[in-house]
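S.K.: Below, each chain spelled out in residue letters.
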Amino acid sequence: MPKIKYIEENGKEHVVEVPVGWSVMEGAVKNLIPGIDADCGGACACATCHVYVDPAWNAKMPPMGDMEETMLDFAQDREATSRLSCQLKVTEAMDGLVVRMPKSQH
Amino acid sequence: MSEQIVIIGAGQAAVQAVTTLKAEGFAGSIIMVGDEAYPPYQRPPLSKAYLLGKLERERLFLKADSFYPEAHCQMLLGVSARAIDRKAMTVLLSDGSRKPYDKLLIATGTRVRQIQVPGAELPGVHYLRSIADVDRLSPEIVAGKKLAVVGGGYIGLEVAAVAQKRGLEVTVFEALDRLMARAVSPQLSAFYEQAHRAEGVQFCFKTGVEAFEGHGKVERLRAGGKLYPADLVLVGIGAIPNVELAKEAGLTCQDGIVVDRFCTSVSDPAIFAAGDCTRHHGHNGEEIRLECVQNAIDQAKHAALAMLGKPTPYREVPWFWSDQYDLKLQIAGLSRPGDQLVVRGDPATRKFAVFHLREGKVACVEAVNAAPEYIVGRKLIADGTPIAAARLADTAIPMKNIV
Numbered sequence: 000m001p002k003i004k005y006i007e008e009n010g011k012e013h014v015v016e017v018p019v020g021w022s023v024m025e026g027a028v029k030n031l032i033p034g035i036d037a038d039c040g041g042a043c044a045c046a047t048c049h050v051y052v053d054p055a056w057n058a059k060m061p062p063m064g065d066m067e068e069t070m071l072d073f074a075q076d077r078e079a080t081s082r083l084s085c086q087l088k089v090t091e092a093m094d095g096l097v098v099r100m101p102k103s104q105h
Numbered sequence: 000m001s002e003q004i005v006i007i008g009a010g011q012a013a014v015q016a017v018t019t020l021k022a023e024g025f026a027g028s029i030i031m032v033g034d035e036a037y038p039p040y041q042r043p044p045l046s047k048a049y050l051l052g053k054l055e056r057e058r059l060f061l062k063a064d065s066f067y068p069e070a071h072c073q074m075l076l077g078v079s080a081r082a083i084d085r086k087a088m089t090v091l092l093s094d095g096s097r098k099p100y101d102k103l104l105i106a107t108g109t110r111v112r113q114i115q116v117p118g119a120e121l122p123g124v125h126y127l128r129s130i131a132d133v134d135r136l137s138p139e140i141v142a143g144k145k146l147a148v149v150g151g152g153y154i155g156l157e158v159a160a161v162a163q164k165r166g167l168e169v170t171v172f173e174a175l176d177r178l179m180a181r182a183v184s185p186q187l188s189a190f191y192e193q194a195h196r197a198e199g200v201q202f203c204f205k206t207g208v209e210a211f212e213g214h215g216k217v218e219r220l221r222a223g224g225k226l227y228p229a230d231l232v233l234v235g236i237g238a239i240p241n242v243e244l245a246k247e248a249g250l251t252c253q254d255g256i257v258v259d260r261f262c263t264s265v266s267d268p269a270i271f272a273a274g275d276c277t278r279h280h281g282h283n284g285e286e287i288r289l290e291c292v293q294n295a296i297d298q299a300k301h302a303a304l305a306m307l308g309k310p311t312p313y314r315e316v317p318w319f320w321s322d323q324y325d326l327k328l329q330i331a332g333l334s335r336p337g338d339q340l341v342v343r344g345d346p347a348t349r350k351f352a353v354f355h356l357r358e359g360k361v362a363c364v365e366a367v368n369a370a371p372e373y374i375v376g377r378k379l380i381a382d383g384t385p386i387a388a389a390r391l392a393d394t395a396i397p398m399k400n401i402v
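Protein sequence lines correspond, in order, to chains A and B.
Under numbering that gives the first Met the number 0, the residue at position 43 of the first sequence is numbered 42, and the numbers go up by one with no gaps.
Under numbering that gives the first Met the number 0, the residue at position 76 of the second sequence is numbered 75, and the numbers go up by one with no gaps.
Just so you know, the hints here were simulated from the structure itself, not pulled from any lab data.
Do not rely on the hints blindly, as some may be mistaken.
Claimed, not checked - Some chain A residues close to chain B (C-beta under 8 Å, calculated; not the full set): (1) LEU31; (2) GLY40; (3) ALA44; (4) TYR51; (5) MET66; (6) ASP72; (7) PHE73; (8) GLN75.
It should be emphasised that the depicted structure is a prediction, and the values quoted were computed from it without experimental measurement.
Think of the CB as a built atom: it goes at the ideal place given N, C-alpha and C, for glycine as much as any other residue.
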């Protein structure tokens with residue numbers, strides 16, 4: 000199972016295994032990692048699962064859909080590698096992925 | 000002795016309350032009582048991805064099992080609360096035990112409104128609220144079958160979209176003259192009707208269902224004096240708040256348990272309520288009862304804080320969403336008859352929004368595949384920013400620069 004490293008805004012790191020086919024958001028929520036709210040449960044409806052993908056991994060992420068792009072446009076503190084983690088479907092190739100969480104999801 | 004919080008209900012609000020209590024460092028114990036067999040799970044995907052078979056059951060659960068013990072929360076599943084003794088501060092459960100509480104949170108949600116016509120008990124007549132409901136319905140969603148959907152609201156239309164995709168013949172029976180009439184503008188109703196018709200769904204408006212008929216299972220329904228063949232039926236005609244326990248305990252209820260701005264019962268300072276089962280003051284002050292994830296989550300946060308002696312007033316703008324085909328509907332705020340409606344964008348492009356203006360401010364936004372309109376609209380509602388209708392309608396001005 001791919002291992003993903005989630006880094007909280009305060010620097011605390013969590014490495015967990017996430018099943019292929021799940022989203023990066025689900026990997027955090029199911030493993031009780033703070034910093035991702037995901038109020039809508041992954042419907043790309045709420046923009047409360049914002050993460051920063053480690054720059055080394057950014058090119059390996061699936062392309063961004065229109066909805067995600069526009070939702071992110073209005074997220075707080077958007078950076079070049081910002082994504083909505085509910086839209087990142089985990090693949091074997093994502094073993095070792097590193098994401099950081101923003102200060103706030105609201 | 001340390002403090003004990005009892006939560007009646009094991010849905011979205013219940014789990015959020017536990018999450019907030021844990022985050023705030025609550026050191027006492029929590030007992031969560033749920034009458035379903037499953038730990039807290041998401042209901043919105045039930046009529047969407049889960050019914051479509053695109054989401055495994057395990058992924059519906061809101062938290063990992065280990066969350067609950069870590070939060071000092073004992074989960075009692077398959078058990079219901081029978082009575083609240085406010086004097087003794089205990090809850091009587093269906094297994095005969097009594098659980099003492101220092102603070103009680105009622106998060107009992109709603110149940111489906113059942114249709115009261117002859118034949119309603121026939122096998123093949125379905126409702127959709129729980130995992131168990133979908134697990135019964137799902138095997139019957141087979142290409143070629145005729146599905147009758149009773150009620151053109153969110154649930155009925157989401158199921159219609161899934162069933163149409165899976166190759167069923169779908170007819171929607173709606174008592175009123177348009178779809179989602181209680182929830183959205185006439186413009187949205189017309190757009191969704193057209194979208195469903197283009198996929199092949201048929202509609203009978205202003206048509207109340209009079210009876211279901213069949214031998215051993217539903218085979219047809221009678222509506223508007225005519226007979227329609229049906230292999231299966233999905234009834235989605237609304238929900239009723241579960242307030243009986245509260246009412247019997249003497250708590251003030253009016254289509255919902257009446258709570259103040261802090262999600263505390265107006266009748267008892269030790270009792271709190273959150274989610275679909277509450278009647279509360281909305282963000283603009285009017286008394287409302289909402290059925291949505293946002294309200295369950297946000298009220299539960301406020302209720303948990305109030306239980307910890309840190310009350311903060313609930314003023315969040317409500318938001319909703321619905322997925323049908325490739326259409327993502329996002330709504331923020333609450334509309335009212337008499338609002339000025341402003342359409343932004345062309346519905347023919349399947350990307351547009353309807354703004355509801357009241358006294359020169361946005362009161363509600365309905366956005367179809369239009370995230371900027373939704374997000375900026377939501378902010379305009381929360382901030383009460385005055386804005387001109389002509390500006391909102393002008394797609395040459397990006398939403399980012401609309402103010």
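S.K.: Could you run down the list of hints and mark each one as holding or not?
M.R.: Now for the hints, and whether the structure bears them out:
1. LEU31: holds, 5 Å
2. GLY40: Constraint on GLY40 of chain A satisfied, holds at 4 Å.
3. ALA44: Hint holds; ALA44 of chain A Cβ to chain B Cβ min 4 Å, cut 8 Å.
4. TYR51: Hint violated; TYR51 of chain A Cβ to chain B Cβ min 20 Å, cut 8 Å.
5. MET66: The hint holds - MET66 of chain A has a Cβ within 8 Å of chain B, the shortest such distance being about 5 Å.
6. ASP72: holds, 7 Å
7. PHE73: holds, 4 Å
8. GLN75: violated, 12 Å
In this structure, the hints that do not hold are numbers 4, 8, in rising order.
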